[in-house]
Amino acid sequence: MQHQSVLENWLRGIALALIVLFFMFPIFWILLMSLQTNETILRSPPSMVFSPTLSNYQAIFAGRLDSNAASLDIRFLGNLWNSIILSVGSVGVALLFGVPAAYAFARYKFRGSEDIAFTLLSFRFAPPLLVLLPLTSYFQTLGIADTYFGLIWVYQLICLPLILWIVRGYFEDIPADVEHAYRIAGHGWFATFRNIALPLARPGIAAAGLLAFIFAWNNFIFALVLASADKQPVTVGALAFVTASGIQYGQIAAAVVLSIAPTLALALYAQRYLVEGLSLGAVKG
Amino acid sequence: MSVTAGLSVTSLSKSFKDLQVLDKVTFDVPKSETLVLFGPSGAGKTVLLRCIAGAVDADSGTVQIDGDDVTQVPPESRGVGMAFQNFALFPHMNAFENIASPLRAQRQPRLSLAETVDSVARLLKIDHVLDHAPRELSNGQKQRTALARALAAEPGLLLLDDPLRNVDAKLRFEMRLELPRLLADRQATVVYVTQDYKEAMALGDRIAVLDQGRIVQIGSAAAIYRRPANITIAKLFGDPVINLLEVVPEREKQAISVQVSNQQIMLPHAADDVIGRPCMLGIRPEDIAITAPDVPAAVPVSIEAETPLNEKIVSLAITQRGRELLASRPADVASPSAGAAGFLFNGDGVMLFDRESERRIDMQSDSGKKTA
Amino acid sequence: MTGRSHRFGLSPRFEKISEVQHKGIRAGRISREVLPYLLSLPALLVCIGILIPFGTAIWYSLQRYRLSQPWNRGMNWGENYLNFLSEPDFWNTLQVSLVYAGLTVVLELLLGLGIALLLRRRTRLNNFISVILLMPLMTAPVLAALMFKLMTNPNFGILSYFMQLAGFEDFRWGSDPSTALFTVILVDIWVYTPFMMILLLAGLRSLPPQPFEAAALDGVPRWQQFWRITLPMLMPYVLTASLFRLLDSIQQFDIIYALTQGGPGDTLMVFQVEAYLNFFQSTNIGRSAALLIILWAITFVLSNMFVKNWLRLRERARGEI
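Residue numbers (the numbering used here), protein chains in the order written: chain W, 1 to 285; chain G, 1001 to 1372; chain F, 2001 to 2321.
If you are wondering where the hints come from, they were derived from the structure by calculation, not from laboratory data.
All C-beta atoms in this analysis are idealised placements derived from N, C-alpha and C, irrespective of residue type, glycine included.
Check before you lean on any hint, since a few could be wrong.
Distance condition first, Cα-Cα at most 20 Å in a straight line; then the derived SDA-like pairs of lysine to any residue [what the hints assert, rightly or not]: (1) K1017(G) with R111(W); (2) K1017(G) with R124(W); (3) K109(W) with F1016(G); (4) K1235(G) with D1196(G); (5) K2308(F) with R124(W); (6) K1125(G) with K1170(G).
Using C-beta positions, here's what the derived DEER-type ranges look like [said to hold, decoys possible]: (7) L142(W) with H1092(G): 40 to 48 Å; (8) D1131(G) with A240(W): 52 to 60 Å; (9) L11(W) with P2209(F): 23 to 31 Å; (10) D115(W) with W2059(F): 20 to 28 Å; (11) G2055(F) with N1139(G): 25 to 33 Å; (12) R2228(F) with L7(W): 39 to 47 Å.
All chains, please: the whole structure from these sequences, using the hints.
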C-alpha cells in the first residue's frame, strides 16, 4: 500500500543498522572484554583481534584470583547464588500470595478490593527509599536484617503489584459462565479455581512471573539498603566487586556478563510473554 | 414438603446497583414438567436461571428444589444441570472431559464414567468428536456438547438457557423436534429459557412470560396465545403480529359492539362495564377470513399486498378509515384477487384490551374454555 | 446410565441434598462473605507492611534527627521542609531531578517512536530486531551503568577511544561536571528506549487500518499521514508510556549512583541519591525523610495521572478482544 523509493529503503536500512549497533554494541563489547586478559584490554588502540581466554570466568568460578601481585578472594559466585534465591523466592512467594488475591479481585467485587489493589499499585510508583530507609531499623528490631526472608518480604513490593495487576486482567477475561458451569457441574470453588481459572490464566501468570523474576533480579536499591554482605545479589555484588578488584577489568566484565546472562536468556526465550507483561495488559501485542 | 414440586421459586428479587432485574418472581414447576421462560431480551430470564442454579445470589426470596430450600446452598450441591446460551464449554478440555465433568465431581469410577459419557454422546450424535477441543467443534457440536454436559449426571432439575440461540436455523429446527422427546425420556424437571415464541410453544408444558423482571403470565401455550394477559404478550406471541385497533365499545340493542371502519363487530360475551371505555381490539391475522367485499358483517378493505411467510400467505389491507390490517391464510387456500375485499373476523378470536392499563378484558365466554 | 434418579420417590439424591444443605448453609454463607478477604489477606498484609514504614518516614521527616547527635533528636514539625526553601542544595536537587527526568523521557520518546515507526510492518527482520532490542531493557540498570563505566574508562574505554578519534582528546564522561549529565542520560537512553519502543510498537500495530487506507485513497502525503492520523491515534499510548517513564526517571537511583554517586560535586544529586547519602553518610535522617516525602508528593500526582490513562487504555485493549 506504500510506495517506497530505493533511496528510502537505503535510509531505512542504515537507520536500522545504526539502531542495532547502538543497542547491541555495549553487550557485545563487554562480552569481548570478558574473554580477554588485562594486557589485551589495555592495548591502545583497542582491537578486536585477540586470542580469547576463559581465565576470567575460571577465576570467578574458582572463587580466587591469583595475580603476580597478590591473591584475592572473589565472592561473586555467592552473589550469583543470592540473586537466584532472592529472585526465585520472591516470585514464588508473590505467585503464592498474588494469584489468589488477583482471583479475589477479579471475581468478587468485595468491599475495599479496589482500594487495596490501588494502594498496592500506587506504591509500585512511590520512591523505594521512602519505604526502605525506615525499614532498616525495623529489620534490626525484628532480627530479619541478615536473612533471605526479610529481603524476599521486601521484594514483594516489586513482585506483588505486578502479579496482582497482570494476572487479575487475565482472570477477568475468563467468561464467568465457564466457571459457573464448572461449579454447577458439582465442583467446589477451590476445584474451580484450580481446574478452570488457573489453567486458563496460565499465559498471564507466566508473563507476570517472568517479569517479576527479571525485575527482582535487576533490583539494586532494595538489597543495597537492606542486605548484609553475605546476602547481596549480583547487582550490589558487581558494584562492590569493582571497588575490590580495582583494575581487574577482565573479571569485572566477566562478572557483568554472568549477571546479565540469565535475564537476557529469559528475555529471548519468552519475549512474547514479556511484551505482553511489560505493557501491563494495556496493549494486546 | 410437596413432592410434586420439582422446583418452586418464591418471591425472588435481585437488583444490580439501581437496576431491579428480578422483582418478586414466584412460580412452581411440577416434577418432570417443562416450563418455558419466555420474554424479550433484558427481561431477566438469564439472571433468574442463574439464581436457580446458585451461580448468582438473589437479594431476597427462596428457591426450593424437590421441596428442599436450597437458597443458601452453593451451586455445586444443588444437583442441577445447566446449558448456557454461549455454551460455556471448558476451552482447555476436550469434549469428553467437558461432558464428564459432572461425573468427575461425583467421583464415578472410570469405567462407568466412560460408559455414561459415551451413551449421552451417542444420544446427541457427538460420539465421533469426543476427543476434539471445543475450538475444533462446529457451533452445532458445541451446543450438543453443552447439552450433553448438562444431561450427563441425570440431574433432577435441568436449566437450559436459550440453548438454540447460537446455532443455525437448520439445526435449530432439528433440535426443536428432538429436544421434547429427549427431555421427556429423562423425566427431569426442566426450565427452558427462550426468546422465540415458536420454540416456547413447541417445548413447554407451560410457559411463563417474564417482562422487566416480573412474571406477567403463566399458562399453557394455547392459553397464552388465545388469552394473553396484556398487549405486550399478545404482540410477542404470533407471527405476523396481532392486529390492534383503537375502539370504544358501545351498546347496540341487547348486545355490546364496537365500530371498525363503519362495520359493527359484535362482542356477545363482553360485560357492561366496558361500554364507553377506551379499548384496543385485538384480532390475530389467522382469525380473519377474506371474503367478497359485500359479505354482511365483513369489514370492507382493499388488499394492498400479499406475501408468503413460512407456510402461510399474509395479506396487507387498508380499511376505508386508512387503518392497516393483516390477514393470513394457509398457502393452499386460493386468494380473491387484489383490490376490494371483505375481512370477516372470527368472533372467538376477538380480544379486547383496556387502552390505559393494556390488560386484556376478560370476556365471559373465556371461563367456559379454561380447560387447557 | 447411572441409576441415581429422582424417579423413584425419595431417591438417594434427595437425601444427599438435604444432607448437604446443612453444611451448605454454613460453608456457603461464610465462604461467600469471607473468602475474598481470605484470598487477598497476604496482599493486604503487604499493604500494611508498606504503610507502616511510610508512616514512619513521615514521622522522621517532622523531626530534627541526626544519628551523630542523638541528644538533639526531637520534633521540629515542618522545619525540615521550611529549610528547603532557603537551601540551594535542595533547589539544585529539584532542578537536576526534573532536568534528568525531562530530558530522558523526551529523548527516549522521540527515539522510541522513531524506531517503532521503522519496525511497524510485521516482517521477519523487524520482529527479530524488536526482540533483540529487548536485551538492554532486560539488563539491570546498575549493571548497564557498570558496562558504560568500563567503556568510558580513560585508559582503555572504547567510547573514550572513539571520542579521541572524533577529536575530543580529553573527554572525561562521568567525571567531568560538563559531561556527567550527558553520560548518565546516555545510559538511561540505552536501557529504557526499548521500553518506549515496545509500547509504541504494540500501539501502532493495534491501530485500525481503515483511516490509513482512506488517507491513501485520498492521496494524503505520508508525512501528513503521520501528523494527522498516526500521531493523534497513538496519543493515548504516547501519554501512558511517557508518564510511566517519567515516574521511573524522576526517581532514578541505580544508574547515577553506580556511575558517579551523584557527582562530580553535586552535579547529579537527584532526589533519591541525595536522600540516600543524607541518610547513610551525613546521617541526617530528618532531612533525608523530608526529601523523600517531597519526591513522593511529585510521584503521587504523576502516578494518579498514569493510572487513569493506563486503565483507560487497558479497558480499550480488552474491549477489542
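Verification of the hints:
1. K1017(G) with R111(W): holds (14 Å)
2. K1017(G) with R124(W): violated (32 Å)
3. K109(W) with F1016(G): Distance ~12 Å between K109(W) and F1016(G) Cα, so the pair holds.
4. K1235(G) with D1196(G): holds (12 Å)
5. K2308(F) with R124(W): holds (15 Å)
6. K1125(G) with K1170(G): With a Cα-Cα distance of about 16 Å, the restraint between K1125(G) and K1170(G) holds, given a limit of 20 Å.
7. L142(W) with H1092(G): 40 to 48 Å: holds (43 Å)
8. D1131(G) with A240(W): 52 to 60 Å: holds (58 Å)
9. L11(W) with P2209(F): 23 to 31 Å: holds (25 Å)
10. D115(W) with W2059(F): 20 to 28 Å: Because 23 Å falls inside the window, the suggested range holds.
11. G2055(F) with N1139(G): 25 to 33 Å: violated (58 Å)
12. R2228(F) with L7(W): 39 to 47 Å: violated (24 Å)
Checked against the numbered hints given earlier, the structure breaks hints 2, 11, 12 and satisfies all the rest.
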